[in-house]
Structure formats: structure tokens, C-alpha cells
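**Student:** We have chain P; now place chain L onto it with these hints.
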Amino acid sequence: MKKQLFTAGLLSVLALGFTGCYNNKSDILELPKVSFRSEIVPIMTSGACGCHNNGQGQRAVQFSYLNNVYYDAILARVGVYDAWIKGGKHPGEGVIDFTPGEKAIISRWISEGAKDDFIPPPITGNVTFTANILPIYNVSCKGSSCHGGAGPNLDFAAFVADKSIITAMVNSGGATGHPGGAVSLTLSTIATFQAWLDQGMPQ
Amino acid sequence: MRRISAQKGMILLLGGLFVSLSVMQCTKAGDNAGALDRAYTGTPDSTTLSAFYDSYKISTADATADVNDVIEGTGVQSIVKTYCVGANCHGGKFGPNLSTYSEIMALVTPGSPETSKLWNLITTNDLNKAMPPINIMHELSLTEKGIIYNWIKNGAKEQPGLNDFRPVAMKLLVSGCGSANCHNQATATGAWARKALVPGMVSADTTQFLYTNPLTGAITVYCQLSNQSRLNQVWGSYKDSVRRFYADTLANASFRPYKTFGTPVTLSSVRGPLSDYDDILLDIMYPKSVRSNSTVQFTDGSGNKFYVKGNPLNASSSLISRIDSTLLLANPYTGIYATNHQGDMAYGDGGLKRTEIALIKAWYFADPNIPDVWKYGVNNVGIFKYRKTGKIIMK
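Taken in sequence, the protein lines are chains P and L. If you count by the working numbering, then the first sequence holds residues 2 to 204, one letter each, in order. If you count by the working numbering, then the second sequence holds residues 13 to 407, one letter each, in order.
Simulated from the structure, these hints should not be mistaken for lab results. Take these hints with a grain of salt, some might be off.
Cross-link-like lysine to any residue pairs, in silico, SDA-like; alpha carbons within 20 angstroms at most [claimed, not checked]:
hint: 1; chain 1: P; residue 1: LYS34; chain 2: L; residue 2: LEU154
hint: 2; chain 1: P; residue 1: LYS143; chain 2: L; residue 2: THR224
hint: 3; chain 1: P; residue 1: LYS34; chain 2: L; residue 2: ALA47
hint: 4; chain 1: P; residue 1: LYS104; chain 2: L; residue 2: LYS300
hint: 5; chain 1: P; residue 1: LYS104; chain 2: L; residue 2: SER153
hint: 6; chain 1: P; residue 1: LYS87; chain 2: L; residue 2: PRO56
hint: 7; chain 1: P; residue 1: LYS34; chain 2: L; residue 2: THR53
hint: 8; chain 1: P; residue 1: LYS34; chain 2: L; residue 2: TYR52
hint: 9; chain 1: P; residue 1: LYS34; chain 2: L; residue 2: THR94
hint: 10; chain 1: P; residue 1: LYS34; chain 2: L; residue 2: GLU151
hint: 11; chain 1: P; residue 1: LYS87; chain 2: L; residue 2: THR55
hint: 12; chain 1: P; residue 1: LYS34; chain 2: L; residue 2: HIS150
hint: 13; chain 1: L; residue 1: LYS169; chain 2: L; residue 2: GLN240
hint: 14; chain 1: P; residue 1: LYS90; chain 2: L; residue 2: THR94
hint: 15; chain 1: P; residue 1: LYS90; chain 2: L; residue 2: TYR234
hint: 16; chain 1: P; residue 1: LYS34; chain 2: L; residue 2: ARG50
hint: 17; chain 1: P; residue 1: LYS34; chain 2: L; residue 2: THR86
hint: 18; chain 1: P; residue 1: LYS90; chain 2: L; residue 2: SER114
hint: 19; chain 1: L; residue 1: LYS141; chain 2: L; residue 2: LYS169
hint: 20; chain 1: L; residue 1: LYS165; chain 2: P; residue 2: THR100
hint: 21; chain 1: P; residue 1: LYS34; chain 2: L; residue 2: LEU139
hint: 22; chain 1: P; residue 1: LYS143; chain 2: L; residue 2: ASN225
hint: 23; chain 1: P; residue 1: LYS34; chain 2: L; residue 2: TYR95
hint: 24; chain 1: P; residue 1: LYS104; chain 2: L; residue 2: TYR52
hint: 25; chain 1: P; residue 1: LYS34; chain 2: L; residue 2: PRO145
hint: 26; chain 1: P; residue 1: LYS34; chain 2: L; residue 2: LEU48
hint: 27; chain 1: P; residue 1: LYS116; chain 2: L; residue 2: SER153
hint: 28; chain 1: L; residue 1: LYS207; chain 2: L; residue 2: GLN220
hint: 29; chain 1: P; residue 1: LYS90; chain 2: L; residue 2: LEU154
hint: 30; chain 1: P; residue 1: LYS143; chain 2: L; residue 2: THR228
hint: 31; chain 1: L; residue 1: LYS165; chain 2: P; residue 2: PRO101
hint: 32; chain 1: P; residue 1: LYS90; chain 2: L; residue 2: SER330
As the structure is a prediction and not an experimental result, all values here were calculated from the model.
This is chain P alone, in the form it adopts within the complex (with noise of 0.2 angstroms):
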């Protein structure tokens, strides 16, 4: 009878351990969304982007230099990447495309957001324009039809005058207040303008 019984509580408590499969139904809400850092930065840093990735910022916007990848300047050009895979052509001419399996990936990604998918950690020093936003500014910003080329050029004072604006940019995530049109910003670009201006915009 024992046995019995340890049998029929034994079987009840692997028949409630199996309910766990249960939680199938709540569990499975989506598949992974294509990644920027890991399947679309390669793509921009490779060597068919050579020009970009080169350290030689005169010829042409630079996507990373060495070990060093300048997301913001990659992400900022959703827009170009979005008309190029519709149809339209690299910005700088030549025979340069994206391959079809590339234009997969990018045309999913910007269907998905185009979104950055690294959290940064929180921002705790002081943030200043000189130390850390003029950097970002400097790579990411600027360039022949941006910034410093058809856009103007922007100082300290630019900078704090058009607060609103930047204002507007960090609680958007970039899709709105920026006068040339939606970007889009990393996650540490964001924490980084949001901590500068917490902080009283210093210099």
C-alpha cells in the first residue's frame, strides 16, 4: 500500500513539474529582432565599407577606426541606408551595394525600429560639452551633407540655445525635434545628452 501511494504521489509531483510546459503558451511572445551591434555594425565596419573604417575622416564619414566603432555615426544614417536598399544607390557613387542577404538584414532591422540593442550602464560623473558631447557631436554629427557641411556648424553656445531641441531629441530617441530630418540615437547618446542636461548643460 506504501508503495502504492509513493508511486501515485510520485507521478502527481512529476505531473505538476510538468505543468512548467504550461507556461509554453505565455513564454513564446516573439522571435529576436535583428541585432545593430552584432548583424548590422559588421556589416558597416567590413571591408566593403573600407572608405568608412579607414581613420581617414577626409574622405568619407567614419564608422570605426581600429577597435573603435562609432555607433552613433552608423545608426545615425537609417535614412540612407533605408533609400538605398529601396532602390536607391550609395551615397558616394562607385560600384558599391549592399549584397542581397545584407539588404535582408537592414531592410528587417529598420522594419523592426532600427533600433540600438545595447543597454548602456547608468551615467553617475559629471558631463560636460567639452569632455563628452563635443566628441560625439564631432563623429557623429558632422559631415559633408550634415553638420559642419550643409548643415551648420555647432558650438558651446549653439548647443545650449537650442536646448529645446535636444530636448526634444532625447525624449524621442531622435525621431523628432531634430531640424534636418529624424536620426536615430544609441542608448548611450541618449543617457549622455539626458545626464548633460540634468546636470545644467556645463561647458
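**Tutor:** Below, chain L alone, put in the same frame as chain P:
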């Protein structure tokens, strides 16, 4: 008929309940599951190296593999290990084990992803068969699925070969070197057009490519031949002229000019186009130093002029040495090695990564369309020498 006691009946009842619960509750269905699509939505792409292992030392590596001698990336074995192999999965508790090449190949039909069990498991929308099990939220990315697809499609080899290297190398060279004002046909022929060296050309056949320095805003104007039919005609005629000239020369030990190309090109800084595989082979076999940009030319009895000079072997195909600074190149005719490397087209100019340089080297020495003389020199004495160890690459 034997009577069943109440206790045994209870056990049978519980057992039945247990089985029912397990079958029903473990069935992966529901609102969310119905909306999932695990099918591969990417596009097969042979220009991304899809190999089995993460790392390969190329066959022409230095005695101790140097920085540009190893191809690295995410291989199929690593992907399978990440998603399938573990103490509680196909590396311990459950079979089959999927750790080695032969074990994984048991689920693969080389050349046919669609009939390969491995591919079907990672892309099926039958969530009760899907692997990895869909409920553990551990799904392959689009890029990872693409690597597995391409690897199977390309033969599911343990060691990559020419058919794997060539598409990748072509993409790196064509896209990486053929940008706006660099190694492309439009710029080369545009320069000739601008100098009025191509007869019958009108301004409508060309476009001005304005290159703006991103830092200073300075604008440089490049003329490009935009009339595609004219471009094909001019560049095609030029390539044909060079090839036939030297083919005749080598076959007959004499210069027998074959074809004209308008007014000859004089001193004009024209980068050799690397716009496609054919252009790249031309650049290797007939280096720029034996081609157009020289005052030396031949004229046949009809007054046709040619953009060629001298012995094509008395020149160096520098494609590889320009991107790999670990090598020194020798002229195959003289056998004299350069004293300094020429690798300024690699990282500092072309932005090529080390593994990409290794890939291009692997293609170069594996491609049968490149004559041995441009790989190993005359009589296999070698023309590429590693700077670090002095090892000469020989067949």
C-alpha cells in the same frame, strides 16, 4: 476478469492524468505561437564566408601564422554549440550529440538546405518540432540562420575552399576598392574622356562627380563616363586590346598590334578599375605598369596605337602586396624583391580587417584563373616573401 483495486485504479487515473497533462500542456500552441514565423526571411549570400569552424590558417601562411594569415568569424560549429549543445541538451542529456563535424553532418545533406534535417529544425513553423525548443526563447538570429544556410548550400565542407573564398574576396575588392573616385570603370574612362582622349565623346556622355571633403568641405571634381554603352565600349575595347596584344606577343615572340582604342592615353593618373572579377584578373595579369599610362606605345602599319609596353612579366602584379604589409613582392622577371612593403592599401586606406586580408590571399592562391607566374614566379622560385621570417611562398 481480474478485479482492479481502488488504489490501483487511483494510480491508473493519476497516471492517465499525468500523461494527458504532459501531452496537452507541452503542446506548443496558442495565440502567440500562431503568430510566429521561424522561416528564413533572409537571402542566401555567398559573399559572407560561411564556414564550419571559427578559425582557419590559410595554406600560404608564414612559418608561424602572421596577423594576416588567419581567417576568423562565426562558424557553424559555434552556432550549433551555442543553441544546441549543453549538458542538458545535445551535448549530454539528449541525443544526438552535435559537437563534431561528423555528428552535425548526420543532419545535413550537402548542397541542399531544404532537405537537411538541421535546417528544417531551425526554420520549421511546426513549433512542436522546432529546435531549439521555442519555449526556451533561445532562437537563432537571421544572420546565424544565413550562415548555416550558405554553409550547407555551398557543400557543407569542413574546410572552406575556392568557391567559398572567391565571392567574399570579390565583394571586398569590388565594393571596398571601387568607391566614388577610386578603382572603378566610370572614373578611369571618365578621366580619358575629360582629356579628350576618347574620340566622339560629348559632354552628355559624362557626369561630374563632386567629392566633398567631410571635414573641410573642399570639393573635388571627377569626370565619370556615365553613358553606359559608351563606357562598355571604351573599357571593353581597352581590355580586349591589352589582352590580345600580350597574347599575341607571348605566342609569337613579337609585337603584333591588334586593335586601336581611339587616341592613345598619355600620362594620366588613372587607377586600374576593379569593378568586377574580369577587371581584377586584368589588373593581376597585365599590371598598370605594362598598360596605358605611358608614353611608350606601338603603332601598326595602319597607324593604330596601343597602350602597352614591353614584357608583361617584367612587371609586378601588386594586388596582394598592396593589401598585405607582411609580404614583400619580387618582380617575376628580375627576381628582385622590394625592400619595403607596399601594403598601404590595407588598413590605412582600404579599411580591410586582418581576416579580410587573409580571405583575399586565400582566394588569390587558390584561383586557377590566376596563372602561377603571378603567384609563384617563373619556375616556382617565388615572388612573395614574408617579411618576418623570410619564408617564400611556393607552390
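**Student:** Indicate, hint by hint, whether the structure satisfies it.
**Tutor:** Hints versus structure:
no., hint, result
1, LYS34/P x LEU154/L, "holds, 8 angstroms"
2, LYS143/P x THR224/L, "holds, 13 angstroms"
3, LYS34/P x ALA47/L, "holds, 15 angstroms"
4, LYS104/P x LYS300/L, "violated, 34 angstroms"
5, LYS104/P x SER153/L, "holds, 15 angstroms"
6, LYS87/P x PRO56/L, "holds, 19 angstroms"
7, LYS34/P x THR53/L, "holds, 12 angstroms"
8, LYS34/P x TYR52/L, "holds, 13 angstroms"
9, LYS34/P x THR94/L, "holds, 18 angstroms"
10, LYS34/P x GLU151/L, "holds, 10 angstroms"
11, LYS87/P x THR55/L, "holds, 15 angstroms"
12, LYS34/P x HIS150/L, "holds, 12 angstroms"
13, LYS169/L x GLN240/L, "violated, 40 angstroms"
14, LYS90/P x THR94/L, "violated, 37 angstroms"
15, LYS90/P x TYR234/L, "holds, 18 angstroms"
16, LYS34/P x ARG50/L, "holds, 12 angstroms"
17, LYS34/P x THR86/L, "holds, 19 angstroms"
18, LYS90/P x SER114/L, "violated, 43 angstroms"
19, LYS141/L x LYS169/L, "violated, 26 angstroms"
20, LYS165/L x THR100/P, "holds, 17 angstroms"
21, LYS34/P x LEU139/L, "holds, 18 angstroms"
22, LYS143/P x ASN225/L, "holds, 11 angstroms"
23, LYS34/P x TYR95/L, "holds, 16 angstroms"
24, LYS104/P x TYR52/L, "holds, 14 angstroms"
25, LYS34/P x PRO145/L, "holds, 18 angstroms"
26, LYS34/P x LEU48/L, "holds, 12 angstroms"
27, LYS116/P x SER153/L, "holds, 16 angstroms"
28, LYS207/L x GLN220/L, "holds, 14 angstroms"
29, LYS90/P x LEU154/L, "violated, 24 angstroms"
30, LYS143/P x THR228/L, "holds, 10 angstroms"
31, LYS165/L x PRO101/P, "holds, 16 angstroms"
32, LYS90/P x SER330/L, "violated, 30 angstroms"
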